[in-house]
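Chains as they are written, first to last, in the working numbering: chain L, 1 to 359; chain F, 360 to 613; chain S, 614 to 691.
Please note: incorrect hints may appear among the correct ones.
Calculated lysine to aspartate or glutamate pairs in the DMTMM-like style (CA-CA distance at most 20 Å, straight line) [stated by the list, open to error]: (1) S:Lys-616 <-> F:Glu-362; (2) F:Lys-455 <-> L:Glu-198; (3) S:Lys-652 <-> F:Asp-382; (4) L:Lys-47 <-> F:Asp-454; (5) L:Lys-207 <-> F:Asp-454; (6) L:Lys-208 <-> F:Asp-454; (7) F:Lys-455 <-> L:Glu-194; (8) L:Lys-208 <-> F:Glu-405; (9) L:Lys-188 <-> L:Glu-198; (10) L:Lys-207 <-> F:Asp-382; (11) S:Lys-626 <-> F:Asp-382; (12) L:Lys-208 <-> F:Asp-406; (13) L:Lys-208 <-> F:Glu-411; (14) F:Lys-455 <-> L:Glu-197; (15) S:Lys-641 <-> F:Glu-362; (16) S:Lys-686 <-> F:Glu-362; (17) L:Lys-207 <-> F:Glu-405; (18) S:Lys-686 <-> F:Glu-370; (19) F:Lys-455 <-> L:Glu-211; (20) L:Lys-208 <-> F:Glu-402; (21) L:Lys-207 <-> F:Asp-406; (22) F:Lys-376 <-> S:Asp-624.
Calculated from the structure, these hints are not laboratory results.
All values derive from a computational prediction rather than experimental measurement.
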Amino acid sequence: MRELKLMKGNEAIAEAAIRCGVDGYFGYPITPQSEVMETLMDQAPWKTTGMVVLQAESEIASINMVYGGAGCGKRVMTSSSSPGISLMQEGITYLAGSELPCVVVNVVRGGPGLGTIQPAQSDYFQSVKGGGHGDYKLITLAPASVQEMADFVELAFDLAFKYRNPALILSDGVIGQMMEKVELGEYKPRWTNEYIEENYPWATMGKKNRERNIITSVQLEPSVQEAFNHKLQKKYRECEENEVRYEEYMCEDAEYLFVAYGSSARICQKSVEIARSKGIKVGLLRPITLWPFPTKQIAHYADKVKGMLSVEMSAGQMVEDVRLSVCGKVPVEHYGRFGGAIHSPGEVVEALENKLLKV
Amino acid sequence: MSEINSIISPENIVYQKTPLLTDATMHYCPGCSHGTVHKLLAEVLEDLGLQETAIGVAPVGCSVLLYNYIDIDWQEAAHGRAPAVATGIKRLLPDKVVFSYQGDGDLAAIGTAETIHACNRGENIVIIFINNGIYGMTGGQMAPTTLPGMKAATCPQGRDVSHDGMPIKISDLLAQLPGTCYVTRQAVHTPANVRKTKKALRKAFENQMANKGTSLIEVVATCNSGWKMSPVQSNQWMEENMFPMYPLGDLKDE
Amino acid sequence: MAKAKGAIVVDTKACKGCGVCVTACPTKVIELAAEVNGKGYHYAYMANPDSCIGCANCGIVCPDTCITVYRAKADATA
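So that you can see chain L by itself, here it is in the shape it has in the complex:
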């Protein structure tokens, strides 16, 4: 039975994980996402669904525990915030290089360094451009509500297993900490070992009636490594073709476009209303997948609008991808407060006026 609850975004992640049959969570406390593990420990799902929850000694250990579980075909996840996600980059590139599905949640805070515990969106580059070493991509989902925090857990696992690749839920301190009404899904049973062996024959579950399975990212022979990288790239192109997700708000007659994700997109919804009340026809395009990025849809608007404003709580990261999509057809500017500060809807409208309307 679906259930309606008032809860924090971080709590919703944990609730959704238990309900959609996740097998394991490994994590390490860090603000502003500690409620994820706290909620899991409080719910004690090992007594009900059999889900494993373990507090590791570090984010490095967490992500490598995830690697071990993922290698067994289990649905395992971790969560952290920016500095902790930096520590996990080694594990994430090994997961991608070994083609292991898993879910990582980043409830972003301001950086660089230890930074601030306040919300930010300054981990965009780290999320969609690499983060760790080597040519790999993370399927990156950006929730803009507590409901999406819950819904994206299962979606992220589905995509991760479909493409045998880690998936990232890129949230921020606003979505993680705020409370909203959320409709929680029904409890689904965890996959059985037999189901995993049948559907994910690469999983290491003990060599029985088959050749041995080896989970690895080592290919010492350059030709083999190159061929493997081609295979990865082919997979990424398929993902780009099939998995782009975005939402449009009042774009039909728009002369200007806000491009914003996550909490910035929520702020921009209000900015659209303020701008329209002033007679400025502006719409909002909200990328839901940051990778694969809605390049084609943004390019489509490049032929329709007079300019775009990429609104992010960073010094300007996603704006580069918006510009690449637009190919110079219209001006693309960036606006955003950062370092833990959050822009107001009014500030966004003012930026639109100053950067695009008054030129």
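Put chains F and S on the given structure of chain L with help from the hints.
Then chains F and S, alone, in the frame of chain L:
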């Protein structure tokens, strides 16, 4: 000669390669202890009937390609992370038999935290630790276990303890933790030592099957290329120099 | 009691000539060949076959598991 030919017949075999070892030629240098320990590991897994339930975690270091040599399921871990990877596997598949195989740099330098905490939680796994006092794969650099005065590529004048500290006796540290049930230090340079190490490995896997906690088998080993000696000289040098710092025997057996 | 009779077969292609078996042999059966194998190693061989007692020490210490050891049954050699 005809007498020999009559002896060489299948019914007279007293020692042969276990079928759990693959036909791949090991990439190790002549006389490398890794090969001997791999063989013992394969033999013990075969003796205990664990081929279908064992999942091994290979390290980064010379034994990075260990998964090519033993015919079971494997995961390759990042440098030092094998105990965390093994933790993930064992927690998700508690009915499987899980072990990590790690060198001194992997276990006692870059992976110290993962090692100590896996042992402290008493993860029900086996950790096989090869201590040859040097980084073999990267070309013979100083390891956390390099002996005082011992020469290596990054301490060409010999390890200066005033500069680099003393070698870490990590097994002694791990034996202090309540999560470990069995910590032993063995070697594989003589037939008698090989037999003892095999017994220790067997006990470690039996501990896991009995849910007793973490078992750690340290094997004091040679790296004749890194040490720049012949395999036979290395064995002698190990007895004279390594064993006084790393004495063989059980450190804990509960 | 008669001395046990043994023999070994070395996979000379796989042998790396480390010589660990030579030292492990209690009856000095094994030596390294003057010739080399395809990899350039002086492989181990049974230089004194009559002395082999089939104790398997050589096989046990061989890092490359390239020695198979045979021992004649007691009644066959009595």
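To see whether the hints hold, each was checked on the structure:
This hinted pair checks out: S:Lys-616 and F:Glu-362 have alpha carbons roughly 14 Å apart, not beyond 20 Å. About 18 Å separates the Cα atoms of F:Lys-455 and L:Glu-198, which keeps this hinted pair within 20 Å; it holds. Between the alpha carbons of S:Lys-652 and F:Asp-382 the distance comes to roughly 17 Å, so the proposed pair stays at or under 20 Å and holds. For a cut-off of 20 Å, the pair hint linking L:Lys-47 to F:Asp-454 stands: about 18 Å separates their Cα positions.
For a cut-off of 20 Å, the pair hint linking L:Lys-207 to F:Asp-454 stands: about 14 Å separates their Cα positions. Among the hinted pairs, L:Lys-208 with F:Asp-454 is consistent with the structure: their alpha-carbon atoms are about 14 Å apart, no more than 20 Å. Annotation: proposed proximity of F:Lys-455 to L:Glu-194 holds, straight-line Cα distance about 14 Å (limit 20 Å). Taking the CA atoms of L:Lys-208 and F:Glu-405, the gap is about 14 Å. The hint holds against a cut of 20 Å.
With a C-alpha separation of about 19 Å, the suggested pair L:Lys-188 and L:Glu-198 falls inside the 20 Å cut-off, and the hint holds. The suggested pairing of L:Lys-207 with F:Asp-382 holds, with an alpha-carbon distance near 17 Å, which does not exceed 20 Å. Proposed proximity of S:Lys-626 and F:Asp-382 is supported: the alpha carbons are some 12 Å apart, at most 20 Å. As the CA atoms of L:Lys-208 and F:Asp-406 are separated by approximately 17 Å, the hinted pair is consistent with the 20 Å bound.
Distance check on the hinted pair: L:Lys-208 and F:Glu-411 sit about 5 Å apart at the alpha-carbon level, within 20 Å; holds. Note on F:Lys-455 and L:Glu-197: the hinted pairing holds, with a Cα-Cα distance of about 14 Å set against a maximum of 20 Å. For the given pair, S:Lys-641 sits about 19 Å from F:Glu-362 by alpha-carbon distance, which is consistent with the 20 Å threshold. With a CA separation close to 13 Å, the supplied pair S:Lys-686 and F:Glu-362 stays within the 20 Å bound.
Between the alpha carbons of L:Lys-207 and F:Glu-405 the distance comes to roughly 13 Å, so the proposed pair stays at or under 20 Å and holds. With a C-alpha separation of about 9 Å, the suggested pair S:Lys-686 and F:Glu-370 falls inside the 20 Å cut-off, and the hint holds. Between F:Lys-455 and L:Glu-211 the alpha-carbon distance is near 17 Å, which keeps this suggested pair within the 20 Å criterion. Distance check on the hinted pair: L:Lys-208 and F:Glu-402 sit about 18 Å apart at the alpha-carbon level, within 20 Å; holds.
With a C-alpha separation of about 16 Å, the suggested pairing of L:Lys-207 with F:Asp-406 holds against the 20 Å cut-off. With a C-alpha separation of about 11 Å, the suggested pair F:Lys-376 and S:Asp-624 falls inside the 20 Å cut-off, and the hint holds.
Checked against the numbered hints given earlier, this structure breaks none of them.
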